[in-house]
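Colleague: Sequence:
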Amino acid sequence: MALKNYTFLQICQMLIIPAFFATLKMLLISGVLSTIFGFFLGVILILTEKNGLCENRIVNRILDFLVNTIRSFPFIILMISIIPFTRLIVGSSIGDQAAIVPLTVACTPFMARIFQNSFKEVDPALIEAAQSFGASKSQIVMKVMLKESVPSIISGLCLAIINLLGATAMAGAVGAGGLGAIALTYGYQNFNKQIMYSICVILIILVAFIQYFGDWIYRKLK
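The opening position of the sequence shown corresponds to residue 1 in UniProt numbering, with each subsequent residue numbered one higher.
Don't take every hint at face value.
To be verified - Here are the computed lysine-lysine pairs in the BS3-like style, where the Cα-Cα straight-line distance is at most 27 Å:
hint: 1; residue 1: LYS120; residue 2: LYS220
hint: 2; residue 1: LYS143; residue 2: LYS220
hint: 3; residue 1: LYS50; residue 2: LYS193
hint: 4; residue 1: LYS120; residue 2: LYS137
hint: 5; residue 1: LYS147; residue 2: LYS137
hint: 6; residue 1: LYS143; residue 2: LYS120
hint: 7; residue 1: LYS25; residue 2: LYS137
hint: 8; residue 1: LYS147; residue 2: LYS120
hint: 9; residue 1: LYS50; residue 2: LYS120
hint: 10; residue 1: LYS137; residue 2: LYS222
hint: 11; residue 1: LYS222; residue 2: LYS143
hint: 12; residue 1: LYS143; residue 2: LYS50
hint: 13; residue 1: LYS147; residue 2: LYS222
hint: 14; residue 1: LYS50; residue 2: LYS137
hint: 15; residue 1: LYS220; residue 2: LYS147
hint: 16; residue 1: LYS120; residue 2: LYS25
Think of the hints as simulated: they come from the structure by calculation, not from any bench.
All of these numbers come straight from a predicted model, not from anything done at the bench.
Make the full structure from the sequences, and use the hints.
Modeller: Structure follows, in structure tokens:
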């Protein structure tokens, strides 16, 4: 698309605003899914570790290996390597909907570590006290470990969502759409600094908003 005959306002309406909402869609859906999956992975990791409530070294080591393996992949390489899986799930490997799959896969191990490390910070005396009162393992997880670690979890999730936003921008390099694709295609490749730097400003504002909102929730819960 030739942009020379369009004003910047028209470019915003045609390209930047739709890309902004596409990025928000990817960020929101993949963020929610990876938080849910990461929570369950984190719970299993903390329960099956040495001296855990359901100690199981085999399960713990397998999950720990999987989490470390996925986290070691650069996002773009991971996104390309799981294209067959993405096509199996959504029927395509291009577009913002397809990008949700690799974004979720990439962010879930990070979320799992956040939950696992936050649960580790809970005072063991509280867990022992709950056990002495006859609390079940699910009650200990939900009413003791999760409740006590909420501020730490919020702080970690804020960092994870900001990293996820960066991944959505990188996903634009391989056909995911969103702000990253617009910045690369219509900004960098067409030598249009106005578009490229405008999207940079939008991403900076998004990061600042996420950090502020996360800090505000953290202060309320601390």
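Colleague: For each hint, tell me whether it holds in the structure or not.
Modeller: Going through the hints against the structure:
no.	hint	result
1	LYS120 with LYS220	holds (22 Å)
2	LYS143 with LYS220	holds (19 Å)
3	LYS50 with LYS193	violated (54 Å)
4	LYS120 with LYS137	holds (15 Å)
5	LYS147 with LYS137	holds (14 Å)
6	LYS143 with LYS120	holds (15 Å)
7	LYS25 with LYS137	violated (35 Å)
8	LYS147 with LYS120	holds (13 Å)
9	LYS50 with LYS120	holds (12 Å)
10	LYS137 with LYS222	holds (25 Å)
11	LYS222 with LYS143	holds (17 Å)
12	LYS143 with LYS50	holds (22 Å)
13	LYS147 with LYS222	holds (11 Å)
14	LYS50 with LYS137	holds (16 Å)
15	LYS220 with LYS147	holds (14 Å)
16	LYS120 with LYS25	violated (32 Å)
Violated hints, in rising order: 3, 7, 16; the structure is consistent with all others.
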